[in-house]
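Asker: Each of the two chains sits in its own frame; use the hints to bring them together as a complex.
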Amino acid sequence: MSEDILNLSLTALAASIARREVTSESAVQACLDRIALWQPSRNCFVEVNGDAALEQARACDRHLAAGGKAQGSMYGVPLAHKDMFYRPGVGASGGTEIRRDWIASTTATALSRIDQEGAIQVGRLSMSEFAAGPTGHNIHYGHCRNAYNRDHIAGGSSSGSGVAVSARLVFGALGSDTGGSVRLPAAVNGVLGLKPTYGRVSRYGVMPRSWSLDHVGVLARTASDCAVMMNAIAGADKNDSTASAHRVPDYRAALGQSIKGLRVGVPSIESLGYPIEPDVVAGLETSLAVLRELGAIIVPVQMPDMRSVFFVAETIGKCEAATMHRDWLKSRPQDYSPQVLSRIEAGLTIPATYYLDALRLRKQLTEQFLSNTMANVDVLQMPVMCGRVPSIAETDIDSSGEKVRALVSRLTTLTRPINLFGLPSISIPCGFDPLGLPLSFQLVGFPFSEADLLNVAHAYQGLTDFHLREPTL
Amino acid sequence: MDDGELVQKYAKHTQDFDFTLKRAEELAAEVKQLRDEIRRASVTLSFDNEPSEFITLLEKAAK
Chain A
11 MSEDILNLSL TALAASIARR EVTSESAVQA CLDRIALWQP SRNCFVEVNG
61 DAALEQARAC DRHLAAGGKA QGSMYGVPLA HKDMFYRPGV GASGGTEIRR
111 DWIASTTATA LSRIDQEGAI QVGRLSMSEF AAGPTGHNIH YGHCRNAYNR
161 DHIAGGSSSG SGVAVSARLV FGALGSDTGG SVRLPAAVNG VLGLKPTYGR
211 VSRYGVMPRS WSLDHVGVLA RTASDCAVMM NAIAGADKND STASAHRVPD
261 YRAALGQSIK GLRVGVPSIE SLGYPIEPDV VAGLETSLAV LRELGAIIVP
311 VQMPDMRSVF FVAETIGKCE AATMHRDWLK SRPQDYSPQV LSRIEAGLTI
361 PATYYLDALR LRKQLTEQFL SNTMANVDVL QMPVMCGRVP SIAETDIDSS
411 GEKVRALVSR LTTLTRPINL FGLPSISIPC GFDPLGLPLS FQLVGFPFSE
461 ADLLNVAHAY QGLTDFHLRE PTL
Chain B
484 MDDGELVQKY AKHTQDFDFT LKRAEELAAE VKQLRDEIRR ASVTLSFDNE
534 PSEFITLLEK AAK
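Chains A and B, in that order, give the protein sequences. Here the first sequence is numbered in my numbering, starting from 11 and rising by one per residue. Here the second sequence is numbered in my numbering, starting from 484 and rising by one per residue.
None of these hints come from the bench; they were simulated from the model. Certain hints may be false.
One-sided excerpt, in silico: chain B residues whose CB lies under 10 Å from chain A [unchecked claim]:
1. ASP485
2. GLN498
3. PHE502
4. GLU509
5. ALA512
Virtual Cβ for every residue (Gly too), placed ideally from N, Cα, C.
So here's chain B without its partners, still in its complex pose (with noise of 0.2 Å):
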């Protein structure tokens, strides 16, 4: 099974959406780049960072 078929399956059974064979590849293609993008850079993080930590440094970084 290719990616684009991978992806029209998981759209189907995770959010009930039916693409088209050529939409889920294209849908591949962008997914990956975003998650390939996303584990590279998310080896930095640790157990203990949350989300709720930028607002944070909004504050604390105002001069």
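If we strip away everything but chain A, and leave its shape as in the complex, we get (with noise of 0.2 Å):
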């Protein structure tokens, strides 16, 4: 019974618990007797709240069962989200040391808006030190592990989140991306995972990497589960200045419309700047069979030079992060791993003039981008790495800043630049590669035009299997 449960998406268990056809306290149970189970091996989550959320399942349990309606699209489901989202009393350590102690007094916009949709919270998850770093290794916290094989990366820096989600520990989870934080694990874990329009949701209450290139997200097994997230947590926050007052669409009544047509730009593989692994590109193959199929037309396109785009993005990221470190970087610069520590650093020799010039060469790169690569088209489509998912050992690199700055740049070359646009960009499962290990591909599209990614997404889900797959222990 509780496999049944756990097997089910977001949407349809909650449409289950309103029916009353499944217990919120049983699908809560589920989702605890499996993390007991998967949590020794995978160290997903940072904390598991068991009590405080059965109790609050209980609570949903009696509403329903006094006649009550569901209150909200996620009522009673279990989630959990990355351990930085801020709720009054509660920690959020952001993988770190400093914070490990630390408690928020105010609550993420996100969270509380997800909190309105009646979703319970079963704890908080693993993530990589200040959000800092693609792989999920976490020297205060113990790695995050690969929901597919413990061996390999959890991805970062997300890594609970996509973690959790697949291996069905939850049904759905907030992360937060910067330079690719919320697709890296997704992809690699296998589920999807949507980094919106810069500004679409808000980031007040959640631990800023830099303010400029920050996106909350969301991770969940189908195009359905993201939308309905998407639903509650986008849109304009007094809180947050730069959260759009753009028109907000209804996710989920965008779903299920034709692609027919749609023009999938796909560029060449050279013109990615970097090797791409041969069962990359064959899972990129399959991806555009399955969208040709649904009637997709595609579009060779030519990139930028993604390298140039890359390195603005790290100069904005880099001076950023370094200004909001500072202080702690000179008082307990020993509770920094080196890693993390490597890539904050050179932020403090950076020029301001050269700051500001990369903030004003975004809106141009970006302008650059929408009207060469993407005139002709309504979706790109590209990897979401360049190679397979690497192993725990092959990553675990020591404090040299080269080492650091490579690893960095071969797993985040393809997802950073889009952060650097600000475009939303959803990725998408694709196939599995001779280990067993999830491949996937990433769909960019035009400002707030999650509706349209989450519908090609949903379309895509119905031709394939991969986001039902289910990793063994």
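Answerer: In structure tokens:
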């Protein structure tokens, strides 16, 4: 019975709870039982709040049993979130030693909006230190490990979000994405990860990594689940001046439209700027075949110099991180991992004029990307990563600055530029490599086109079953 | 004075940070790469360009 519950989608479970076919308590208990089984080998939770979650679930069930209606689109559904979303009286370590015992005093807007839809938070999820690592390594709390193979990386920085959703420990999770931190863990664990347009979701009450590049995003197993979560969290926020007042569509209602005639831009492998491994290319071709079958038209496009875009984003990220970390870098350098320290320090020595030029270039580079690469297409299809999911050992590097930079560059070269552009992008599973680890691609859209991306993902999932595969312990 | 020594002195003078010469040399190489990319790309910028134009672009480019 609990296996049946855990294999439901978020939306299916919410409907079942609302109809009283399944109790919220049984759903939460099923998650807690499975977390107890998986946590020792995957380390995807920082904290599990079983008793509080069960109490909240019983309250939902009592309300429904008394004839009440479901109070929200995720009423009684167990979720968990990256450990950087603030809730008063609760920790939010950010994966750091420095904030290990820190207690938040405000509520993240995204969390409060999820709460309003009746979801139950069963715990806080593992993440890379200060949201600054693409692999899921964490020397303070232990490495988070891939849902499909514990010897491989979980992806980062929303590591626990990707693993917990993939392993059926929760039905959805919030993450954040500054250079790929939603899309990478989604990709390597075989789930959907949506990084919305810059400003689409409020960042208020979320630990910052880089003010200009941070995006709050969602991870779930189906496009419909992502749509429900986006319906909850998207929109303006008086507490975050960067949160856009652009109209918020009903993302779930937008699903199910035909994508016949959709123009999908496909860059040549050569124009991506980095060698792409054959397994990744094969996954891309698989996904294109599905999109063609759905009626999409494939349009060859040319990419800009992605390395240049990458370095502009790096300049912004390093300067902003160095600014917010300066006092701790001085007073508590021993509390940073060498890798994170190594990535932030350069920002202390970049002149402000270069930082501001990078910000000024952002508009120009994005404009060029939209008017050249995206000129004749509706969405762009490209890899999330250049290669297969690496092992933890392969990426367990020392403190050398050059090695850290090479690793980060290799893993985020195709995701970080999209953060600079501020464009929405969704990571979608498209197969498995010979080791049984997930392969994924990303679709990039125009500003505020999340509904279109989710609609394509929904159509794609209608013809594929990658998202239904279940990792084994 | 080589680049590492310059970065070491610059970090001390502007940020009051003490980097070893080895670390300062690494930072010098990293910052040079970033700086070269920004300088190369920014020749296209005009006097009137400002960072906030990016947000306006996102709103305008929405379909």
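Asker: Run through the hints listed earlier and report the numbers of any the structure violates, in increasing order.
Answerer: Failing hint: just 1.
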